[in-house]
Amino acid sequence: MASVPHNTRQLRACLVCSLVKNTEQFRKEGCENCEPFLQFKRHPERVQECTSTNFDGLIALMKPDDSWVARYKKIENYACGIYAVGVQGRIPELVEDEMAQRNIPYIPRDGSQNLPQN
Amino acid sequence: MSHSEDNLSEDEDRYDDADGGWHDDEGGDDHLDHKGEDEYEEDPTGEEEEEDEEDDDEEELGSNKKKRKMRKDDLKNKFFLLEADVDDDEEEDEEEEEAMLSQQFIERDDIDDFRTSSRESRRVAMELDRKALEAENLDAEELAQQMNVRYGRRRGHHIQSDSSIPVQYIPDVHQPNMFVIRCKPGKEKDVVIQFMKQFKESEYSQHPLEILSVTCRDALKGYVYIEAWKLAHVQKAMTNINNLFLSQIKLVPLGERTHVLTIKRKDIKLKEGSWAKVKKGKYAGDLVQIAVVYEEGSTEVRIKCVPRIDEKDAKTMSVNPAKRKKSISTSTVKVYDRGYMEKDIKITNLNIDISPTMDEITQFLSATDADENNRSESSLGLPTKVRFSPGDEVEVIMGTERGIYGIVDIVDKDRVTFTRHKSTQQVTFLADSLAKRFNIGDHVQVLNGSHQGEAGMVVNIDKSKSTITLLSDTSMSEIKVFSKDLKKISESTNGRPSGAEYELHDLVQLISNTVGVIVNVDTNSYRVVELKDGVGVLSTYKQEEIIGKEDPRPSTTSLGKNQVVLKVGDTVQDSRNENREGKILYIYRKYAFVLSRGGFGEDGGVFVVECNSLMNNNSRTAGMALDKLNPEVLSAVPAQYQNPPQYRSNYNYGGRGRGGRGGRGGGYNRHRKPDPLIGQTVTIIKGPYKGFIGIVKETTVLMARVELHTNCQIVNVEKTKLHTIDSNGNSRPVVSAPDVSSGRNSREYSPAPSNYSGSSWQSSSARTPSSWNGSRTPTWHNAMTPNTNTTEGSRTPSSFAEGSRTPAVHFSEGSRTPAWDLDSKTPAYNGLDGSRTPAWDIGSKTPAYAIDSGTRTPTWDNGFPSTPAAETPSFTAPTPAAETPGFTAQTPAADTPAFSAPTPANTGSLMIPSTPGPGPTTPANFLPQTPFVPASTIPTGGDFRQIKHDAVSSSKEWLTTDIQVRIVPDSRTSSSHANGQHDNRVGVIIRLESPTTCFVELDDTKEHCFVEQRYLKPVLPQKKERIKMIGGEHKGQLGMLVGVDGADGVVKVKGGKDFKIVNMTMMAKYMGEEVTEE
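Just so you know, the sequences run in chain order A and B. When the letters of the first sequence are read in order and numbered with the UniProt record's numbering, they come out as residues 1 to 118. When the letters of the second sequence are read in order and numbered with the UniProt record's numbering, they come out as residues 1 to 1078.
In case anyone wonders, no lab produced these hints; they're calculated from the structure. Computed from a predicted structure; not experimentally measured. Warning: the hint list may mix true and false statements.
Think about it this way: if two alpha-carbon atoms lie no more than 27 Å apart in a straight line, the pair counts; the simulated DSS-like pairs of lysine-lysine are [as the list claims (entries may be wrong)]:
#, chain 1, residue 1, chain 2, residue 2
1, B, K280, B, K187
2, B, K487, B, K422
3, B, K1023, B, K1054
4, A, K28, A, K41
5, B, K184, B, K236
6, B, K422, B, K277
7, B, K236, B, K197
8, B, K280, B, K236
9, B, K1024, B, K690
10, B, K197, A, K41
11, B, K1006, A, K28
12, B, K1006, B, K1017
13, A, K28, B, K1024
14, A, K41, B, K422
15, B, K189, A, K28
The calculated label-pair distances, taken between Cβ atoms and stated as ranges, are [stated by the list, open to error]:
#, chain 1, residue 1, chain 2, residue 2, range
16, A, E24, B, D409, 54 to 60 Å
17, A, P92, B, S389, 39 to 45 Å
18, A, K28, B, G399, 54 to 60 Å
19, A, E24, B, D218, 52 to 58 Å
20, B, N240, A, H6, 40 to 46 Å
21, A, Q48, B, I489, 18 to 24 Å
22, B, E203, A, Q48, 27 to 33 Å
23, B, Q248, A, H6, 25 to 31 Å
Listed next, the stretches of chain B that the computed footprint assigns to chain A, with coverage defined by at least 3 CB atoms under 8 Å from CB atoms of chain A [said to hold, decoys possible]:
#, region
24, 187-195
25, 203-213
Each residue gets a CB set at the ideal place from its N, CA and C atoms; glycine is no exception.
Chain A extracted, bound-state conformation (with noise of 0.2 Å):
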């Protein structure tokens, strides 16, 4: 279970999974899902880099397991929380490639790869 966010001010979408929190979250207890290798509580500075302001929708992810949205939006293996429907953007290529060391897909959130993949 992701943090919810206390208000709809400073928001900012994880460029990663689209997770949706105030920015105070995410440098406080890092993103859920990412936070393995992302790691914002250790280099507050990502913050900046790897989430963004502007992405569009809200989704309130309940039930990852049942909820056909979250498939759609390939966030079902994801906490529960408040995910983004579309972030602008895309992470940095240095923790793009962290990621792929780890083998870790990246799927970028701005619609770029609309269905179906992934």
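With chain A held as given, fit chain B onto it using these hints.
Just chain B, lined up with the frame of chain A:
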């Protein structure tokens, strides 16, 4: 399947070749995506969609072990087995591939297995999932493994989806439902977050939220999408959420679900040198040029803009040099290039989709002191987006096909298809490589920019930069514009430049008191063929010199040569000059403005001819003989002059028959328009269609055909039963009640229409029966100014004629507002109103009446004893003495209802507009009254009674013979006549002993009693009963009560044809022998 394998290997490459290969693969990946998407769209109802969700899950999981699958199949019913058989081939392949990749499935496979086995086990699975997620205190290795699981599994999907339609993404009936709910626009995000919070709170409670997800989109304002298995879950979840409109839950159709979640990447392709506008910030709205486009994926570009001098900076600079230094050091990277500032800006902050005009660009270019030669030419290079539309003539300006031109057929975003010149070959080009094609000498008009609307001739074309120089028609100066901002026009200006008030071929009234037809429109000036002494003269007028557009009357006809009828639009020939022929544009008096066929001359092809020399081309032969018969007829009087009087007289005839519309007649005489009523919205106020609203379609003298709004039925209704509804919602009788007198009082009359809702009660209605309460007005008028009685008298017949409808009118308004009734009760009113109209009683039938009368009754009782004297004040009211309280109280009361009625909202303020009214009518009388008016216009029951009592005290004698009375105990002294033995007995007064005593013959015993007035009460007459007036100015008169309206009765007075409205307290049931009604 080979396709799938390719993908697989590609994918593997991608994952294996972890360092650096990402971007290279990107393209291939995209390609696949699109392919898949196409497939998906083409066959959204594919067979897979029908599969059960368990099956979906299965695929989703990647059934890596056939054994396992078989085992499951055993558990399930036949259906799934069959289904599985159907696409076995495909799956087997897949499975093999998957098998390689899905080695990593370890712990979660079990969970998944559970999940897929049955729907019930879902919950178990969830539980396990949650536990897994809760295990946050895993060490790094475990975490890594978890990640592997999380993302590794995804790979399995990937492979699957490449080869077939990704079943798991297709919403089908076995998936959870999606419901759409309205919410307060702007609160979507809050709602979603609220739901999440709610879910979090309720997660471990007894009743956790059972919905699966909640979605909102920025683009879908006011909607929230909830995914759930059951509607009940949604409803339950919604109970604690604010800003939701609970009543509106709808199921989202399967096909639309994906739309909710699909986002389109804004594919912004920027080119260096193209133009954009800054959306926000300091440079908001400024035109900028893209200087550098960074590598793909970058969110920023470098722009070139005209630097703005920051006043703040300038100030600080001058004030504090230290700060200045600081500001420079902190400022972001700003590079100045030949006076332009270059800076990085986010693409999202740019508006790319613009089409700057030449002025803007030149302004941009000239804004700096860049070298004259260096600029413009070089930087104009990449101009702007051109929007082509079918019909444009375009030319290819780039590439090998350069020079091809043709007419545009289809425009599809960036692709333009045009037919090549002199061939049928259709070619498609990107819009970027095309430009509008013009030839030197073309007459063009500028569409955008500061020269907008100007027309001119093309004198130079610079194809490489798609700029065109044209010589303006008006200023005779050269203008340089982009070809995209030009439009080809025909020789005579068809267009209408913006700002020009008149259009080509408008018939206008000129300052020289002539009329003319515009033949050419330039910026602010017009070439006009004006009619001067019977000839058309071409002259130029400025816009200010044109008084206005003459109303073209297409129906105008005239007689031409041979007495043929000429209409606007006819093709005619000038009999004196065979060469001139054309179409009639306008007929003005006996002249016709003719637009010659295709003739473009100085005068734009418009010439003026006397009608009688025109031959109608269509009927030339037929009319020949007639020509000789009576040539004088034609030349003498153009037909149009004969017609109007005819029409007018007709009209007025009808009008008078109805009671006269004479007062307004003048309005119609000028224009021979059809009845202005046609097309108006009216409400029917009487008859079977009472209350219906409709539009008048046709009219005759007396009748109107009204198309009802309700059922589009057209019904015939007498005009008298119609009310028009104006834009304010006020209604007014269609046929008002003007008459001879209104003609006389034309000065007062004229304001009447406008006064109608406001102050008409005093100024106009008083004098002019034409307004709403015609029938009442005269009497009122009488009362006000006794010396006008004579005029009233003469007016009466006409107003009577009106009577039948006017009161109805009045009623329809009056009955709506209690205020009206209240007021109308005042004695003053009764006293004044000798005559009432029969229609009045129609009003009295309404429920409104009943209610009112109910409340009235006590009033009546109290007030009844009023004697004729009670009315006296009211009668004399208009005289200077009228300022007695009695008067002031009454008069306005009597009037106000009428006008306040239609709009109750007015009641409060209605007196304000009316105040000036009295001035003009009878200044002496009214002015002093005015202050009282407001007070008495808002009378309450109490007020009213107060007034009444005053009246009563001064008017005690009402006894008269032959009226039915009831013996009652005296209310004041509580004493009874003859010790009460006759109480409540009814009798008829047979003889008066004194003004306050009389002999009453009791009805039942025929006994004669001597009774004092104070023990008597007149018996209230019923409808259709004969009455005798016992008070008021008509005291002693006989009549018949036609109807009752509130406290008023409508009385037909014996011997008169008039109807009068009299307070019920002023009449008693007449029992005498005299015949009151024929």
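Consistency of the hints with the structure:
| no. | hint | result |
| --- | --- | --- |
| 1 | B:K280 - B:K187 | holds, 24 Å |
| 2 | B:K487 - B:K422 | holds, 22 Å |
| 3 | B:K1023 - B:K1054 | holds, 16 Å |
| 4 | A:K28 - A:K41 | holds, 6 Å |
| 5 | B:K184 - B:K236 | holds, 19 Å |
| 6 | B:K422 - B:K277 | violated, 40 Å |
| 7 | B:K236 - B:K197 | holds, 15 Å |
| 8 | B:K280 - B:K236 | violated, 43 Å |
| 9 | B:K1024 - B:K690 | holds, 24 Å |
| 10 | B:K197 - A:K41 | holds, 23 Å |
| 11 | B:K1006 - A:K28 | violated, 108 Å |
| 12 | B:K1006 - B:K1017 | holds, 18 Å |
| 13 | A:K28 - B:K1024 | violated, 92 Å |
| 14 | A:K41 - B:K422 | violated, 70 Å |
| 15 | B:K189 - A:K28 | holds, 22 Å |
| 16 | A:E24 - B:D409: 54 to 60 Å | holds, 57 Å |
| 17 | A:P92 - B:S389: 39 to 45 Å | holds, 44 Å |
| 18 | A:K28 - B:G399: 54 to 60 Å | holds, 57 Å |
| 19 | A:E24 - B:D218: 52 to 58 Å | violated, 22 Å |
| 20 | B:N240 - A:H6: 40 to 46 Å | violated, 18 Å |
| 21 | A:Q48 - B:I489: 18 to 24 Å | violated, 56 Å |
| 22 | B:E203 - A:Q48: 27 to 33 Å | holds, 32 Å |
| 23 | B:Q248 - A:H6: 25 to 31 Å | holds, 29 Å |
| 24 | 187-195 | holds (count 6) |
| 25 | 203-213 | holds (count 5) |
Violated hints for the displayed structure, listed by number in ascending order: 6, 8, 11, 13, 14, 19, 20, 21.
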